[in-house]
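**Student:** Residue numbers (the numbering used here), protein chains in the order written: chain A, 1 to 337; chain B, 1 to 337.
Worth flagging that the hints you see were computed from the coordinates, not collected in a lab.
Note that the coordinates shown come from a computational prediction; the quantities given were computed from them, not determined experimentally.
Note that the Cβ used here is the ideal one computed from N, Cα and C, for glycine as well.
Zero decoy hints are in this set.
These stretches of chain A come out as covered by chain B in the derived footprint (C-beta under 8 Å, 3 or more residues):
#	segment
1	141 to 150
2	184 to 192
3	201 to 211
4	228 to 241
Among chain B residues calculated to face chain A with C-beta under 7 Å, some are:
#	residue
5	Leu131
6	Asp145
7	Leu187
8	Gly209
9	Val212
10	Phe225
11	Ile229
12	Ser234
13	Glu235
14	Val241
15	Leu254
16	Met257
17	Gly258
In silico lysine to any residue, SDA-like type, Cα no more than 20 Å apart, as pairs:
#	chain 1	residue 1	chain 2	residue 2
18	A	Lys184	B	Ala108
19	A	Lys267	B	Glu239
20	B	Lys270	A	Glu235
21	A	Lys246	B	Lys271
22	B	Lys232	A	Met128
23	A	Lys307	A	Ala15
24	A	Lys147	B	Lys184
25	B	Lys246	A	Asp133
26	A	Lys132	B	Lys246
27	B	Lys267	B	Glu235
Protein chains: 2
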Amino acid sequence: MSVAVDAMGADRGPAVVIEGAVQAAKEENIEVILIGREEAVLPQLEKLGNAGGLVTFQKATQVVEMGESPSDALRRKKDSSIRVAFEMVKQGRADAVVSAGNSGATLATAMVVLGRIKGIRPAIATWMPTLKDPVVMIDVGANVDCKPRHLFQFAIMGSVFWRSITGKDTPRIGLLSIGEEDTKGNLQVKKAYDLLESSSLNFLGNVEGRDVFNGDVDVIVCDGFVGNICLKLSEGLAESVMAMLKSEIESSLLATMGYTLARSAFKRFKKKVDYAEYGGAPLLGIDGVGIICHGRSGSKAIKNAVKMADALIQAQLPQQLAGAFFSEPATAVGGMC
Amino acid sequence: MSVAVDAMGADRGPAVVIEGAVQAAKEENIEVILIGREEAVLPQLEKLGNAGGLVTFQKATQVVEMGESPSDALRRKKDSSIRVAFEMVKQGRADAVVSAGNSGATLATAMVVLGRIKGIRPAIATWMPTLKDPVVMIDVGANVDCKPRHLFQFAIMGSVFWRSITGKDTPRIGLLSIGEEDTKGNLQVKKAYDLLESSSLNFLGNVEGRDVFNGDVDVIVCDGFVGNICLKLSEGLAESVMAMLKSEIESSLLATMGYTLARSAFKRFKKKVDYAEYGGAPLLGIDGVGIICHGRSGSKAIKNAVKMADALIQAQLPQQLAGAFFSEPATAVGGMC
Numbered sequence: 001m002s003v004a005v006d007a008m009g010a011d012r013g014p015a016v017v018i019e020g021a022v023q024a025a026k027e028e029n030i031e032v033i034l035i036g037r038e039e040a041v042l043p044q045l046e047k048l049g050n051a052g053g054l055v056t057f058q059k060a061t062q063v064v065e066m067g068e069s070p071s072d073a074l075r076r077k078k079d080s081s082i083r084v085a086f087e088m089v090k091q092g093r094a095d096a097v098v099s100a101g102n103s104g105a106t107l108a109t110a111m112v113v114l115g116r117i118k119g120i121r122p123a124i125a126t127w128m129p130t131l132k133d134p135v136v137m138i139d140v141g142a143n144v145d146c147k148p149r150h151l152f153q154f155a156i157m158g159s160v161f162w163r164s165i166t167g168k169d170t171p172r173i174g175l176l177s178i179g180e181e182d183t184k185g186n187l188q189v190k191k192a193y194d195l196l197e198s199s200s201l202n203f204l205g206n207v208e209g210r211d212v213f214n215g216d217v218d219v220i221v222c223d224g225f226v227g228n229i230c231l232k233l234s235e236g237l238a239e240s241v242m243a244m245l246k247s248e249i250e251s252s253l254l255a256t257m258g259y260t261l262a263r264s265a266f267k268r269f270k271k272k273v274d275y276a277e278y279g280g281a282p283l284l285g286i287d288g289v290g291i292i293c294h295g296r297s298g299s300k301a302i303k304n305a306v307k308m309a310d311a312l313i314q315a316q317l318p319q320q321l322a323g324a325f326f327s328e329p330a331t332a333v334g335g336m337c
Numbered sequence: 001m002s003v004a005v006d007a008m009g010a011d012r013g014p015a016v017v018i019e020g021a022v023q024a025a026k027e028e029n030i031e032v033i034l035i036g037r038e039e040a041v042l043p044q045l046e047k048l049g050n051a052g053g054l055v056t057f058q059k060a061t062q063v064v065e066m067g068e069s070p071s072d073a074l075r076r077k078k079d080s081s082i083r084v085a086f087e088m089v090k091q092g093r094a095d096a097v098v099s100a101g102n103s104g105a106t107l108a109t110a111m112v113v114l115g116r117i118k119g120i121r122p123a124i125a126t127w128m129p130t131l132k133d134p135v136v137m138i139d140v141g142a143n144v145d146c147k148p149r150h151l152f153q154f155a156i157m158g159s160v161f162w163r164s165i166t167g168k169d170t171p172r173i174g175l176l177s178i179g180e181e182d183t184k185g186n187l188q189v190k191k192a193y194d195l196l197e198s199s200s201l202n203f204l205g206n207v208e209g210r211d212v213f214n215g216d217v218d219v220i221v222c223d224g225f226v227g228n229i230c231l232k233l234s235e236g237l238a239e240s241v242m243a244m245l246k247s248e249i250e251s252s253l254l255a256t257m258g259y260t261l262a263r264s265a266f267k268r269f270k271k272k273v274d275y276a277e278y279g280g281a282p283l284l285g286i287d288g289v290g291i292i293c294h295g296r297s298g299s300k301a302i303k304n305a306v307k308m309a310d311a312l313i314q315a316q317l318p319q320q321l322a323g324a325f326f327s328e329p330a331t332a333v334g335g336m337c
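If we strip away everything but chain A, and leave its shape as in the complex, we get (with noise of 0.2 Å):
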């Protein structure tokens, strides 16, 4: 088994990708091919070391600048570094693709190269820090406008990667909404609450935008617009949180002591609200393993990523989501709702 890793593209260079790849296989005994640019890649490599072979480069002569448009990278680059990690995987040469570069091309090119799980919306699904155990959020930003039956194939999607990842059973399912109430929010989410509560899963109702972070459902279930606005107003305010309290503790003489007695209790809650810590969002509903990573990933961000994509491949989350599907009516997974 192997992780194929996109070493280009990233907000700051390749090298740090290559050194979070490289410190995921020496800890965690994992195969991993870097792919990239020979001028690139290679030094770095060379730098690092192969963790004793578990390393090996793959080369691709393109890169998908941040900026360029899905569809024009598809059609224009069939050698760059996405793409050629997705069809290793579709040749059966890797497992899993890690990518840090430009998340939209990365979602295409899944989607074109290995496909999808019939009559299913992939989404993308993320990790969000609680006051308990961290929550799974899908979908945050691959579908834009969803229909009910979508909100719900994105319940079972969550439902299966929480499983992956904890090995629990049964995760507690919340729908993203603006009261507790049924009657609550609007026609898209009320009828996927429908769907939803005659499903076997394990749904526990509506859960408003301040209960995202008390940790009382296990997946939180919205369409890619909201979760991506709500994912990004997260980060942004954790660090205004950060960086207003910084500027009223640097105010004073007395608090700026008391912040140097109190900074390693700062670190703790950093390291707690850090998405490096969760590694990066992996794409459901493909025939595949897919993580996408922020674009301002450092190396522990990609080390926990490809530590991810191992553990997803190791619980062979395309075939337990294939299989979810099965489970439920047809009717509401691919119905007309």
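Once you've looked at the hints, dock chain B against the given chain A.
**Tutor:** Then chain B, alone, in the frame of chain A:
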């Protein structure tokens, strides 16, 4: 000019509402009419004094409970404190309503009793703290299923509100979406983008979730489903961040000592992000002034909401709103899009 304050129905009971209303009357010489049950209001008013005659009482025998459906409340409780408050504005005996009661019922009663500006969907605006000046977010809950033209209407109303409070001109408008480019977003947002771009508003384009708190726009436009989730997510996250930080700090003696020294900085920070500082959320687009307060409001939030109501009466908000819609092309404001 006077502000009708619904003394009943808030989570923390009439006492805090009455206290906040009396404080606003004293501090800013605002005439306030407290509306509610005699036995709930009069003893408290006697205790606090009527601010030199500025605070008067109007009886209402019924109370809308928090969980009650707005349509039931409208049908069955013709003498509720919320209803009586809006009737007083209708009859010219008051100029604005402030309520911390059932917000759905407040919204519905305002629409039924006062009516709305023709062709316009009323929306709820709110202030959000940012790293720079606070930003107006609209809609945060009145409309869960919106057309693009409604988002455009929200932009106009948010601008008028921002001008009324800040006294400044031409606010910078941002449309909440999932990428900066005009091609990013769901169908609703992409069409709203076109309407905003061809208007006379100072439209800066899309803003992402992470930009909400950086203060680079003055008004953020979104539908009420997305806005309500963002608002509650922000409240929940700010509370969770503080709770997580506190638990990290309490786990170490050194950090606890540090926190003691930095406590004033924490307090200033809390003040900055405390919704009570902003008072309440105005309902824009009705034929009058109505402020919806958080159910959990304390006396400070009520006081600030009464002050906001007074400022909006003085700025002639309903007239300004009606005027603003006349100056934009009818196709966009009331068109089919």
